[in-house]
Amino acid sequence: MTAPPEAFDRAAWSWVDHLRHGGSTPWADWSAPATGQPAPPGKDGSTLPAAAELEVVRRLATRPRHGIDFPAVADLVLRRSGPGRGLVDIPLAGTGRTGTPRIGTPPSDPGLVPDGELVRVAVGALAELLIETPATDPTDTGPSRMTARRRPWERGFRIAGPPVAGARLRASLAAAGHVEGGRRPRVLLVAGAFDEMLLQIWSSRVQRGSTLPWPKLVRRLAREDRVPLAMDLPRLAGQWADRVGAERVHVIIGGADPGVWRTAAQIVGGPVPPIAEPAPGDVADLSPRATDVLRRVNEVLNVRVDPARLPAVVRAGSAVLQGPGPALVVPDRQAAWAAERSRRMAQDLRAGRYAVHGEPGQVASRRDGDPDRVHAADVLDIALDACLRAAEQSAHGGKVPRR
Amino acid sequence: MTEQRKLLVHVGTPKTGTSFVQDLLFRHRTSLAAHGILYPADRFDDHFLAALDLMELPWGGLEKEAVGAWDRLAAQVRDWQGTSIISHEILARASRSQVRRAFDSFGDVEVHVVLSARDLVRQIPAEWQENVKHRRTVTYADFLRKITDPRRRGKLASWFWAVQEVPDILDRWGSTIPPERVHLVTVPKPGAPRNLLWERFAGVFGIDPREFEPESTRSNPSLGVPESALIRRINARVNDGVLANHHYRALVRELLAHRTLSTRTGSARLALPPDVRSWAVDLSETWIAALAARGYDVVGTLEDLRPDADAATFRDPDAPNEKRVGDAAVQGIVALLSETARLREVEDSLRAELEQARRERDEAWAAAGGRLVYRTKQRLVRLADDSAAGRAVHAGYRRVRGRSSRSA
Numbered sequence: 001m002t003a004p005p006e007a008f009d010r011a012a013w014s015w016v017d018h019l020r021h022g023g024s025t026p027w028a029d030w031s032a033p034a035t036g037q038p039a040p041p042g043k044d045g046s047t048l049p050a051a052a053e054l055e056v057v058r059r060l061a062t063r064p065r066h067g068i069d070f071p072a073v074a075d076l077v078l079r080r081s082g083p084g085r086g087l088v089d090i091p092l093a094g095t096g097r098t099g100t101p102r103i104g105t106p107p108s109d110p111g112l113v114p115d116g117e118l119v120r121v122a123v124g125a126l127a128e129l130l131i132e133t134p135a136t137d138p139t140d141t142g143p144s145r146m147t148a149r150r151r152p153w154e155r156g157f158r159i160a161g162p163p164v165a166g167a168r169l170r171a172s173l174a175a176a177g178h179v180e181g182g183r184r185p186r187v188l189l190v191a192g193a194f195d196e197m198l199l200q201i202w203s204s205r206v207q208r209g210s211t212l213p214w215p216k217l218v219r220r221l222a223r224e225d226r227v228p229l230a231m232d233l234p235r236l237a238g239q240w241a242d243r244v245g246a247e248r249v250h251v252i253i254g255g256a257d258p259g260v261w262r263t264a265a266q267i268v269g270g271p272v273p274p275i276a277e278p279a280p281g282d283v284a285d286l287s288p289r290a291t292d293v294l295r296r297v298n299e300v301l302n303v304r305v306d307p308a309r310l311p312a313v314v315r316a317g318s319a320v321l322q323g324p325g326p327a328l329v330v331p332d333r334q335a336a337w338a339a340e341r342s343r344r345m346a347q348d349l350r351a352g353r354y355a356v357h358g359e360p361g362q363v364a365s366r367r368d369g370d371p372d373r374v375h376a377a378d379v380l381d382i383a384l385d386a387c388l389r390a391a392e393q394s395a396h397g398g399k400v401p402r403r
Numbered sequence: 001m002t003e004q005r006k007l008l009v010h011v012g013t014p015k016t017g018t019s020f021v022q023d024l025l026f027r028h029r030t031s032l033a034a035h036g037i038l039y040p041a042d043r044f045d046d047h048f049l050a051a052l053d054l055m056e057l058p059w060g061g062l063e064k065e066a067v068g069a070w071d072r073l074a075a076q077v078r079d080w081q082g083t084s085i086i087s088h089e090i091l092a093r094a095s096r097s098q099v100r101r102a103f104d105s106f107g108d109v110e111v112h113v114v115l116s117a118r119d120l121v122r123q124i125p126a127e128w129q130e131n132v133k134h135r136r137t138v139t140y141a142d143f144l145r146k147i148t149d150p151r152r153r154g155k156l157a158s159w160f161w162a163v164q165e166v167p168d169i170l171d172r173w174g175s176t177i178p179p180e181r182v183h184l185v186t187v188p189k190p191g192a193p194r195n196l197l198w199e200r201f202a203g204v205f206g207i208d209p210r211e212f213e214p215e216s217t218r219s220n221p222s223l224g225v226p227e228s229a230l231i232r233r234i235n236a237r238v239n240d241g242v243l244a245n246h247h248y249r250a251l252v253r254e255l256l257a258h259r260t261l262s263t264r265t266g267s268a269r270l271a272l273p274p275d276v277r278s279w280a281v282d283l284s285e286t287w288i289a290a291l292a293a294r295g296y297d298v299v300g301t302l303e304d305l306r307p308d309a310d311a312a313t314f315r316d317p318d319a320p321n322e323k324r325v326g327d328a329a330v331q332g333i334v335a336l337l338s339e340t341a342r343l344r345e346v347e348d349s350l351r352a353e354l355e356q357a358r359r360e361r362d363e364a365w366a367a368a369g370g371r372l373v374y375r376t377k378q379r380l381v382r383l384a385d386d387s388a389a390g391r392a393v394h395a396g397y398r399r400v401r402g403r404s405s406r407s408a
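Top to bottom, those sequences are chains A and B.
Sequential numbering of the first sequence, starting at 1, is according to the numbering used here.
Sequential numbering of the second sequence, starting at 1, is according to the numbering used here.
Chain A extracted, bound-state conformation:
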């Protein structure tokens, strides 16, 4: 039996209403109420929100949320469409739906919309929430490094090298009262495994507005057989040795290992600092999946936000994306390059005229079964959580609420 078009419209619009108010019943399980639903504004189902947008609202409704106006968030998702390239307005599938077969995007059950399409919608909504939220500079929160003073008798130090490890160490030392700077400083370079250092470079670039995907960045570097200066430890250490003297340059190998902090404390002088997260305004410690979400958000922000405001909005994006996540390694095709390049790096570190703390072989590219690319389903999870955090932030006047 074929249901009449009015029955489809009634079911569809009642489902939209259900979703707007936080319901999460899948479309496939939805039963339309017999009567009492508002008439749809269009002459057929064509003005309904599209399937991808509806599914994103449904998935948002399945997640924990705190103190947000859910219908407002749902409306924000439903009144816009996914940015960039992808399917246009995927119609909601259902018995009784009108329209000419073979014309237009094929209808779909929202539960079967490809993850990539849902990611577009979620990323667009996240960008919109960030744009709509009054920007507060994350560097305004907490004690500022700028207000701390260096004591003249303290040893001066500078942190260089991979940006996230550096930001983490900088924050830890600052928490212990050590302020970066000083004349003829000791230079600390915190090294980790090759893939991890490269991820830090990618993340820091994305946090400055880059939209380059991970595989593309690695492919370019491998083709040119080069690594960015911030992770080219032998070259960087050599440059610092020329400037401040080799005896003042220390390469500390260990990534996020607590031993790094102990070594840093010995070099700088004073007690072992607590392990701290990077300071607001410094490079944030984003997981590879979160970095990929931010990269996609940047694609929208680049065309929507004035360049003067862009850095603040991107920082607000990093703030709602922070959280742990699994690692990523260099794609398979570039694995041999990474292995060879990191082997040369270890060799050059051993031959360096500066101090190397730890085993240089630990910079080797490691493939411990970690994935080599970010999958749409994982990105979607992070993007949906970030949407709700951004909505909470908006409800709290632009500040990221602590949990």
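Everything labelled a hint here was simulated from the structure, so no lab data went into it.
Every residue gets a Cβ at the ideal spot worked out from N, C-alpha and C, and that includes glycine.
Check the hints yourself; a few may be wrong.
Result set (SDA-like, lysine to any residue): computed pairs, CA atoms no more than 25 Å apart in a straight line [unchecked claim]:
no. : chain 1 : residue 1 : chain 2 : residue 2
1   : B       : Lys-64    : A       : Ala-377
2   : A       : Lys-216   : A       : Arg-226
3   : B       : Lys-146   : A       : Pro-114
4   : B       : Lys-155   : A       : Pro-134
5   : B       : Lys-64    : A       : Pro-134
6   : B       : Lys-146   : A       : Asp-306
7   : A       : Lys-216   : B       : Trp-59
8   : B       : Lys-155   : A       : Ile-103
9   : B       : Lys-155   : A       : Asp-381
10  : B       : Lys-155   : A       : Gly-111
11  : B       : Lys-146   : A       : Ala-377
12  : B       : Lys-155   : A       : Pro-114
13  : B       : Lys-64    : A       : Pro-215
14  : B       : Lys-155   : A       : Gly-116
15  : B       : Lys-64    : A       : Arg-205
16  : B       : Lys-64    : A       : Asp-306
17  : B       : Lys-64    : A       : Leu-212
18  : B       : Lys-146   : A       : Gly-116
19  : A       : Lys-216   : B       : Pro-209
20  : B       : Lys-64    : A       : Ala-308
21  : B       : Lys-155   : A       : Pro-101
22  : B       : Lys-146   : A       : Pro-134
23  : B       : Lys-155   : A       : Gly-397
24  : A       : Lys-216   : B       : Ala-250
25  : B       : Lys-155   : A       : Asp-115
26  : A       : Lys-216   : B       : Lys-64
27  : B       : Lys-64    : A       : Ala-312
The calculated label-pair distances, taken between Cβ atoms and stated as ranges, are [said to hold, decoys possible]:
no. : chain 1 : residue 1 : chain 2 : residue 2 : range
28  : B       : Gly-61    : A       : Leu-112   : 33 to 39 Å
29  : A       : Ala-93    : B       : Val-334   : 42 to 48 Å
30  : B       : Asp-240   : A       : Arg-350   : 29 to 35 Å
31  : A       : His-375   : B       : Ala-357   : 33 to 39 Å
32  : B       : Gly-396   : A       : Glu-154   : 22 to 28 Å
33  : A       : Arg-350   : B       : Gly-369   : 29 to 35 Å
34  : B       : Asn-239   : A       : Asp-29    : 41 to 47 Å
Here are some chain B residues the structure puts well away from chain A; computed CB gaps all over 10 Å [what the hints assert, rightly or not]:
no. : residue
35  : Lys-64
36  : Lys-155
37  : Trp-365
Given chain A, work out where chain B should sit, using these hints.
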């Protein structure tokens, strides 16, 4: 009494004479304004940037120039007391919500939608070629496989249908206005009078076609089979950071494809293999029937959208005649060498100008007392070198100053 404010928004489709129409409107925008017709653009790509903004589309970095472009364009339309024209073919891709945003931005201006369309059998190869001219390396076979997949998954297929599926584009853009305000301009069949397409556009825009004769040099010329194959192979070698987007646009798309390879005659033209052609002919009939039922203002005839019965011979660009590809490559090398030579001459000339400017600066410096300063420095150095303390101070000064410090 003020005239009825009206907007004609030309939303595509690509490869239907859009570049030539936009060029004509842009070049004559001042004269058109005197006739009460506004083509609101300070630069040729203003409407393209506005479209990127409306649809939040990344476009190789160009999108950064598009911030706020749509709102600026819409404000000019709202402020104009007469007819305005907006034209860009990528607007065909707009979703319903983006179309709604566009209509909202026009305020109470009477909006007309214009879509130019050509038969699908000619459009498909043209779209592949457009992909190739935008750095893609997709083979023709893979392209055809993707677009004939009914799921339309992936960026390539979804984009193709978004900008080429005439009934759906008009459904998205035209479903909230009366059908008589939707103008479907059909591209005449090959062999039609040269100005016929322009006359059709001009009729919709309210322009006397004889007053603004097309003499456009800006068009989107097509390539033959070996030339398309050549560009696709070049793409595979220059992507991934070898050639930045702005260099690619200037050297590969403009110089090589448009100005050099498209001028070659005698090459086989791109066509569809028989099975895809048959599928496209069948689909065209569905479109024609759907469009005929909608009551749009058809400028031309829906017959123009019916593919010709005579199929052009199919030559596979994935397995081209290598001798012809080689000939095209040689012609391309010659064009690139000529351009390199021209740029070297520009560089030499700029170097000479720079050197001349340096000489003039040095002469002016010397004339203004440089010699006096130099003599004083010489005296100070001699004095410093007379004592150990003086020598130390002098050595310190030179270290701080660096090696560029002139020896006295």
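Structure-based check of each hint:
1. B:Lys-64 x A:Ala-377: Violated - the C-alpha atoms of Ala-377 (chain A) and Lys-64 (chain B) are around 28 Å apart, more than 25 Å.
2. A:Lys-216 x A:Arg-226: Roughly 14 Å separates the two Cα atoms, so the pair holds.
3. B:Lys-146 x A:Pro-114: It holds: about 16 Å lies between the C-alpha atoms, which stays within 25 Å.
4. B:Lys-155 x A:Pro-134: violated, 33 Å
5. B:Lys-64 x A:Pro-134: Cα-Cα ~21 Å, so holds.
6. B:Lys-146 x A:Asp-306: violated, 37 Å
7. A:Lys-216 x B:Trp-59: holds, 16 Å
8. B:Lys-155 x A:Ile-103: Cα-Cα ~18 Å, so holds.
9. B:Lys-155 x A:Asp-381: holds, 22 Å
10. B:Lys-155 x A:Gly-111: Within the cut-off at roughly 21 Å; holds.
11. B:Lys-146 x A:Ala-377: Cα-Cα ~23 Å, so holds.
12. B:Lys-155 x A:Pro-114: Given that 25 Å is the threshold and the Cα spacing comes to 13 Å, the pair holds.
13. B:Lys-64 x A:Pro-215: holds, 23 Å
14. B:Lys-155 x A:Gly-116: holds, 10 Å
15. B:Lys-64 x A:Arg-205: Between Lys-64 (chain B) and Arg-205 (chain A) the Cα gap is close to 17 Å, so the pair holds against 25 Å.
16. B:Lys-64 x A:Asp-306: holds, 9 Å
17. B:Lys-64 x A:Leu-212: holds, 15 Å
18. B:Lys-146 x A:Gly-116: Answer holds: Lys-146 (chain B) to Gly-116 (chain A) is near 17 Å, not above 25 Å.
19. A:Lys-216 x B:Pro-209: violated, 49 Å
20. B:Lys-64 x A:Ala-308: Answer holds: Lys-64 (chain B) to Ala-308 (chain A) is near 12 Å, not above 25 Å.
21. B:Lys-155 x A:Pro-101: holds, 22 Å
22. B:Lys-146 x A:Pro-134: violated, 43 Å
23. B:Lys-155 x A:Gly-397: violated, 37 Å
24. A:Lys-216 x B:Ala-250: holds, 23 Å
25. B:Lys-155 x A:Asp-115: holds, 14 Å
26. A:Lys-216 x B:Lys-64: Holds - the C-alpha atoms of Lys-64 (chain B) and Lys-216 (chain A) are around 20 Å apart, at most 25 Å.
27. B:Lys-64 x A:Ala-312: holds, 16 Å
28. B:Gly-61 x A:Leu-112: 33 to 39 Å: Since the Cβ atoms of Gly-61 (chain B) and Leu-112 (chain A) sit about 35 Å apart, the hinted range of 33 to 39 Å holds.
29. A:Ala-93 x B:Val-334: 42 to 48 Å: Since the Cβ atoms of Ala-93 (chain A) and Val-334 (chain B) sit about 56 Å apart, the hinted range of 42 to 48 Å is violated.
30. B:Asp-240 x A:Arg-350: 29 to 35 Å: holds, 32 Å
31. A:His-375 x B:Ala-357: 33 to 39 Å: Since the Cβ atoms of His-375 (chain A) and Ala-357 (chain B) sit about 57 Å apart, the hinted range of 33 to 39 Å is violated.
32. B:Gly-396 x A:Glu-154: 22 to 28 Å: Holds: the Cβ-Cβ distance is about 26 Å, inside 22 to 28 Å.
33. A:Arg-350 x B:Gly-369: 29 to 35 Å: Because 57 Å falls outside the window, the suggested range is violated.
34. B:Asn-239 x A:Asp-29: 41 to 47 Å: Holds, at about 46 Å.
35. Lys-64: Answer for Lys-64 (chain B): violated, closest chain A Cβ roughly 5 Å.
36. Lys-155: violated, 4 Å
37. Trp-365: holds, 33 Å
The structure fails hints 1, 4, 6, 19, 22, 23, 29, 31, 33, 35 and 36 (numbered hints given earlier, in ascending order).
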